[in-house]
Each structure stands twice: as structure tokens, then as C-alpha cells.
Amino acid sequence: MSAVIHARGLSKSYGKTIALDAVDFEIESGRIVGLIGPNGAGKTTALKAILGLSEFDGELSVLGLDPRSQRAQLMEQVCFIADVAVLPRWIRVSEAIDFVGGVHPRFSRAKCEAFLARTKITPKMRVREMSKGMIVQLHLALIMAIDARLLVLDEPTLGLDILYRKTFYENLLSEYFDENKTIIVTTHQVEEVEHILTDLIFIRDGKIALNASMDEIADRYAEVMVNPDKAEAARALHPLNERQVFGKSIFLFDGVDRARLAALGELHKPSIADLFVATMKGTYA
Amino acid sequence: MNTFGWLVKREYWEHKGGFYWTPVWVSGIMLLLTVLGIMAAEVFTSRANIQVNGGIPWELISERLSAGDFVNAGLGLDLAYVALVALLCVVLFFVVFFYLLGALYDDRRDRSVFFWKSLPVTDTATVLSKVAAALLLAPLLSLVVATLAYVVLAVTPGVYAHPAASVEDMYRPQYSARTATGMMEVKAQ
Chain Z
1 MSAVIHARGL
11 SKSYGKTIAL
21 DAVDFEIESG
31 RIVGLIGPNG
41 AGKTTALKAI
51 LGLSEFDGEL
61 SVLGLDPRSQ
71 RAQLMEQVCF
81 IADVAVLPRW
91 IRVSEAIDFV
101 GGVHPRFSRA
111 KCEAFLARTK
121 ITPKMRVREM
131 SKGMIVQLHL
141 ALIMAIDARL
151 LVLDEPTLGL
161 DILYRKTFYE
171 NLLSEYFDEN
181 KTIIVTTHQV
191 EEVEHILTDL
201 IFIRDGKIAL
211 NASMDEIADR
221 YAEVMVNPDK
231 AEAARALHPL
241 NERQVFGKSI
251 FLFDGVDRAR
261 LAALGELHKP
271 SIADLFVATM
281 KGTYA
Chain G
1 MNTFGWLVKR
11 EYWEHKGGFY
21 WTPVWVSGIM
31 LLLTVLGIMA
41 AEVFTSRANI
51 QVNGGIPWEL
61 ISERLSAGDF
71 VNAGLGLDLA
81 YVALVALLCV
91 VLFFVVFFYL
101 LGALYDDRRD
111 RSVFFWKSLP
121 VTDTATVLSK
131 VAAALLLAPL
141 LSLVVATLAY
151 VVLAVTPGVY
161 AHPAASVEDM
171 YRPQYSARTA
181 TGMMEVKAQ
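Protein chains in written order, with our numbering: chain Z, 1 to 285; chain G, 1 to 189.
Excised from the complex, chain G in its bound form (with noise of 0.2 Å):
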């Protein structure tokens, strides 16, 4: 690896967290959240709606989408990433703008500036690798995150089970109704 590589590579490790683990967090947060969300709602429209049926075979469902739902369906996924990024986005603005106000600064307050300096790299370098690192490693690393958190909100691979619902009626015992219990399963291809 070159010095210019090296010099990014220090930015990295000193900014690991505003970087790395500020998008990884949020991410998490987010998926989280949807997964709590979906919760709700299954327990919700299953109390609602007495005749929920078992599991839907994926094969069934495609079926009986025309093409026109599958695009609708892809306009849903993909308002999905926008808003993961999106959000991303504004934490990224956050992150970056600290960067910058403490870069170079933070060096002369910590004195570590006399390290850095005793090595030979040139001060246009060292300034050009917080431009690039601002500029180029966070965002790129926020969006990487991003995706892989879509990646993982849309395809994770294992077999969901929802549990049935049941109703009853409060003052007629008699009539009462369960559902099935219900599988998923998203294959890895």
C-alpha cells in the first residue's frame, strides 16, 4: 500500500466509530425496528381478521400478482433502501461535519502533530487524506452498511413462523375460531 493509503487507513482507525459503527448502529436500530413493526402489524390484522389463512406459498402469491403488482412490489422494496439511506444520510452529515471541524485541529490540541510531522509524508498529503476520507471513506462506507442492511432486511435466509390467532366471542363461549399456525421460508438462492 502507498503512503496516501496508509494516510486514509489512519483516519480510518482514528474515526472507527463516526465511520463504521455510527452507520452500523443506526442500521441495526432501523432493522429493529421494521422487525417489531411487522410484529405488530401480524399480531394486529390477525385480530382483526378472523380468517387469516396459513402460510402463503411464495409460488401461490406470484401466481396471482400480475406484472404490474411485481413493479409496485419493487417500488415498495425500493422506497425501502431510499429511506435506509436517507437516514444514513443525515447521520452521515453529522458525522462528517465533526470530522471536519476537529481534523487537523485535534492533531496540534493532542500535540500528536510532532509524530505525524516526524514521518515523511508531505503536509499536502496529510490534507488530502482527510479530504478523501471525508469525502469519499465515509460515504462510502455509510452506503456499503446501507445496503448490506437492506440486503439483509429483504432476503434473510430461514424459515419464520407466525403463530395462529384465535377469536372468541366474550359472552358466547361457543363461538370461537383459531387460525392455523402459519411457516415462511426465504430460501437463500
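For reference, chain Z alone in the conformation it holds in the complex (with noise of 0.2 Å):
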């Protein structure tokens, strides 16, 4: 498997605050990568930069093209859904459709139509009459018809209702993903996708504060549910993160030998917001 995106010494900074602060890393095509962050960290950043939206220091290939002089190339291969609601209010459905198929050689506009069939959208009516969930519903419908490698979602459901939210990423798992494609997703509703990752980017100030896969995370954490007559040996062992529930402290562990973890009290594997939480402590102190 290719890299489809190889960034080495990727660095940015607006005036004197540092956005990204020589980052390096690697994806592999057919993931699904989230890269997740406490707000500031440079998430966005490093999506701008992927994009070619914004200018930045060290070297990144993107599809083996440079997103910075060969961006418009690059969009024949790479989509993003950059938050919600960037779609013109102006534009008609049927209007949008008839654009981004007459500017974008891998659209099928079959694919699209069938796509909002299942929705209420109708294609005489404007954005500015939409709601919400219904303009984000269009524009994965255009997105999705795309025949595209990357995939590039920032914030993608932000401030959708559950409803909208759940079949969103449905969709695109069903529809979409497949071994060819990659798409990187950012999101602070972590619960809702950590089913779907492959690969994980923790970024904390402009940094890389984790780079795995789902499987390596699964290996290396473990959250131990401990008795209190326990917790002082569960400490010896240098946990990351403690906290109590019902009474009983939960540790979470980084690499410490299953077979002493589980001496101490019931094992679970950690969900992703605990990991993120322990990993990030004091990131706004």
C-alpha cells in the first residue's frame, strides 16, 4: 500500500503562535483516520494545509502531488466537507448538481440523484431554504457521487441532531469506503466514530501526541477496574489516567503486561474519549 499522504517537518504558525510545530506523519491508502484534538491544537491547520487552502513550511505530498502549486489537480482526486454549511445559500439543488458535474470529470450524477431520492430534498429548492441536516444531506450527496480518493471531513456533523448524525456516517461507510479510498475525519464527537476508524492522530499544540492504529491502541491500553483495597498497587504501576466510579477507581494503563493487569480487577479496553482525555490532561491549564 502507497502513502496517500507524506508529510515530513509539516510546520505553520499565524504571527508568533505555532499551529503545527514540525509534525510528521504518514497515512496509508484505504484507512479511515481520525484525527482528533482539544480545540487550537491544529487540526484544521493540518487540513488546510492538506487541501492546498493554506500556506505552510516543510514538505507534504498529498497523492503525490504538492497541495500548494498543483491544488486544483489535486481536487480531481480529494474531497472535503470542510464544516457544515459552507454550501452558497443561494444555489439551487439542481444547480449545484449541474456545476459540480460540469467542473468535476469524476461525478456521477446518477449516483447523486439517487442518493437525494431518499431524502426530502427537491431539486427546485435553495439552500437557504434547508435545514441544517438537509444542506448536509445534499453535500454528502455531491461529495459522494465523486469518484475520489481522499476524503477529507472537518467537523462534518457538527451541530446535527443524532438522527442525521448516525445515518451520516451509515452512509458513508456503506456507500462510500472501500479498500481505494481513504478519508481523514475530525471530530469532537469521538463516540460516535470510533467504531468506524482504522487509525488514530491524537494532536495536542501542534503536535503529535499519537499516531496508531485501532488494533496497536487495543494492544498497548487497558483500563482496569480496580478495588480501593488495590488501587495503591494499581498506582505502583504508573497509570495515565485515574478516576472513580461507584466507589471503584478505573486506571488506564500504556503498555503493562494483561496478565498483572488483570490481577488487579476486571479489564476493558478503553473507549477512545478516556484515552483522549487522559492523553490531553492539562492541555487548557
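One should not assume that every hint holds.
Claimed, not checked - Only pairs whose alpha carbons sit at most 20 Å apart, straight line, appear in this in silico DMTMM-like list of lysine to aspartate or glutamate:
id, chain 1, residue 1, chain 2, residue 2
1, G, 117, Z, 242
2, Z, 207, Z, 76
3, G, 9, Z, 98
4, G, 117, Z, 76
5, Z, 281, Z, 242
For the record, the hints were derived by calculation from the structure and aren't laboratory data.
Build the complex: two chains, separate frames, hints provided.
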């Protein structure tokens, strides 16, 4: 498998604020990568660099192209939903389909219309007449009809209700994703994406805090529910995090032998949200 | 259609109100005012002059007009055209001024720039399409609308009736007169 994105020493600063600090990473083809970090960690900056929307320092190639100088070519292979509600408010559904069909060589009109037929969206509607959820449905329909190799989603479900959020990711997985495609998604609603991700990148203060596949994470990290009498023994193993639930302590461990942990109490697979909280401890302090 | 064509079409979709409907409304109002003016003039001339001929057939007019009169009549029509176009040019100036003022900026403000930039279109093509919309599309549409309005003004086919004018001497009711009603026909060739 070849790397879809290859970054070496990727840096970007806004004045004195450093948004990305010499970041290295590689993203392979056929993965669904969650780029997760607190507000202001540099997620959007990284995505903007990948999409050729902003200048940066360092080395970055996306599908073998340089996003700074070859953005138009790159966009034939890359799609992105930068945020909810970026579709122009004046446009009609039929116009949006005509336009994308006109300028995008890899757009399939039939696919787009088939997808829209399952929604309440009609061709005559203008974007400003639609609800936020419908706008995202339209955007998704336009994007899913494009046979691109890389899809970038930056907070695609922000502000949507839970029904729209669920169907959004379901549609994405069942109808769009295959082994030739790569998806990068950033979101704060970690719980909703964790079962679809194959890889995870935690980013904090412009640096990568964790970059691993979900399998590696399941191997490395373990959560143990410990009774108070064994809590001291657990603390001796240097847990990443400790929290109290119903009088018991839950410890999060990184790379500690399973057999030793099992002796302390009940083992769990940690959720990404817990892992995130543990990793990002003290970010805003 | 190529990418550039679609980009210009996008500008037309977005600014249809300014590029198309504004000249249409302005010409429409001009036409309406002209028709009202003609009607008022007809009424006044009929009232001022007892001897109003009934409908004058075009053949009769053309027999009486010299070649020079025809040129003058032509110039008169030209003037009507120029007046219509001049007014639309003033309107066009404002339309294009505000279009250019908002171009590129509006996309950023409503964040739709992220959508446009997600498509394989170069920034150069985007900017050029806006220039083309301002310098070619808007003036061209205005000109087309002005020309159509002028044609409507000059040659709408149909039969036009003008009512009879009547004159009475208020204190000597035996003196009264009434003209014949008239008809005028403009035929499509």
C-alpha cells in the first residue's frame, strides 16, 4: 500500500502562535483516520495544508502532488466537507448538481440523484430554504457521487441532531468507503466515530501526541476497574489516568502486561474518549 | 460546456437579479411610461384640435413623407433606442459596481469559498470568470434586454384603437362635434 499523505516537518505559524510544530506523519491508502485534538490543537491547520488552502513550511505530498502548487489537479482526487453549511445559500439543488457535474470529471450524476431521491430534498429547493441537516445531506450526496481517492471531513456533523449524525456515518461507510479510498475525519464527537476508524492521530499543541492503528491501541492500552484495597498497587504501575466510579477506581494503563493488570481487577478496552481525556490532561491548564 | 463556461454560469445564477431582472424591470417601466405618455399626448391633441383625422393608413403617411422626413423619423427612433440604452447603462454601472464590490468577498463571508475550493477549479479561472461576468456578461445582457425592449416599443404588432374626441361649446350646446374613432394597425412582416 502506498502512502496517500506524506508529511515531514510540516509547520505553520500564525504570527507568534505556532499551530503546527514540525509534524511528521504518513497516511496509508484504504484507512479511515480520526484526527482528534482539543480546540486550537492544529487539526484544521493540518487539514488546510493538506487541501492546499493555506501556506505552510516543510514537506507535504498528497497523492504525490504538492497541494500548494497543484491544488486544482489535487481536487480531482480529493473531496472535502470543510464544515457544516458551507454550500452557498443562493444555490438551487439542480444548479449545484449541474455545476459540480460540469466542472468535476469524476462526478456521477446518477449516483447523486439516487442518493437525493431517498431524502426530502427536491431539485427546485434553494439551500437557504433547507435545514442544517438537509444541507449536509445535499453536500454528502454531491461528495459521495465523486469517485475520489481521499475524502477529508472537518467536523462534518457539527450541530446536527443524532438521527442525521448516525445516518451520515452509515451512508459514508456503506456506500462510499472501499479499500481504494481514504477518509480523514476530525470531530469532537469521538464516541460516534470510534467504531468506524482504523487509525487514530491525537494532536495537541501542534504536535502529534499519538499516532497508531486501532489494533495497536487495543493492544497497548487497557483499562482496569480496581477495588479500593488494590488501588495502591495499581498506582505503583504508573497509570495514565485514574477516575472514580461507584467507589471503585478505574485506571488507564499504557503498555503494561495484561496478566499483571488482570490480577488487579476487571479489564476493559478503553474508549477513545477516555484515552483522549487522559492524553490531553492539562491542555487548558 | 467547459469549466470556464460553468463558472460564468454560476455567476449568472448567483446574480440573476442584478444581471437580468434589473434591466428587464427598468425597460419594462420605461415602456409603460412611454405608453402612458403616448396616451396622454393623444388625449391632449385630440382635445385641443377639433379636426382630428381618423386612423391614417401607413400608405398615406409614406406617400406624403419625403425621403428627408424618413431619415428624420429614423433618427427619432435611434434617439429612442439611445435613450433606453443610456438609462440601462447607468443602471448597469451600479449593478456591476456592487457586483465587483462583493465578488470573492461574499464567498468568504458566507464560507462557501470552502465549497468552491473543494472542486477542481483553479483560482485563476475563478477570478477570470468573475471579471468576464462583470465586463462581458452583464453589459451583454443589458444590451440584449434594451434591444428587445426597443423592438417591442417600435413594432409590437396589433390593432390599436384610439377613441373619438369630442368637443362642445359649453354655453352654445348646438355647437358640438365628435371625431371618428380611429384604428391603427402594426403588422408583423
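Hints and how they fare:
Pair hint residue 117 of chain G plus residue 242 of chain Z does not hold up; C-alpha atoms about 45 Å apart against a cutoff of 20 Å. For the hint pairing residue 207 of chain Z with residue 76 of chain Z, the CA-to-CA distance comes to about 30 Å; that exceeds 20 Å, so the pair is violated. The suggested pairing of residue 9 of chain G with residue 98 of chain Z holds, with an alpha-carbon distance near 10 Å, which does not exceed 20 Å. Between residue 117 of chain G and residue 76 of chain Z, the direct Cα distance comes to roughly 11 Å. Compliance with the 20 Å bound is thereby established for this hinted pair.
In summary, the hint linking residue 281 of chain Z to residue 242 of chain Z is supported, as the alpha carbons are separated by about 11 Å, within the 20 Å threshold.
Consistency with the previously given hints fails for numbers 1, 2, ordered from lowest to highest.
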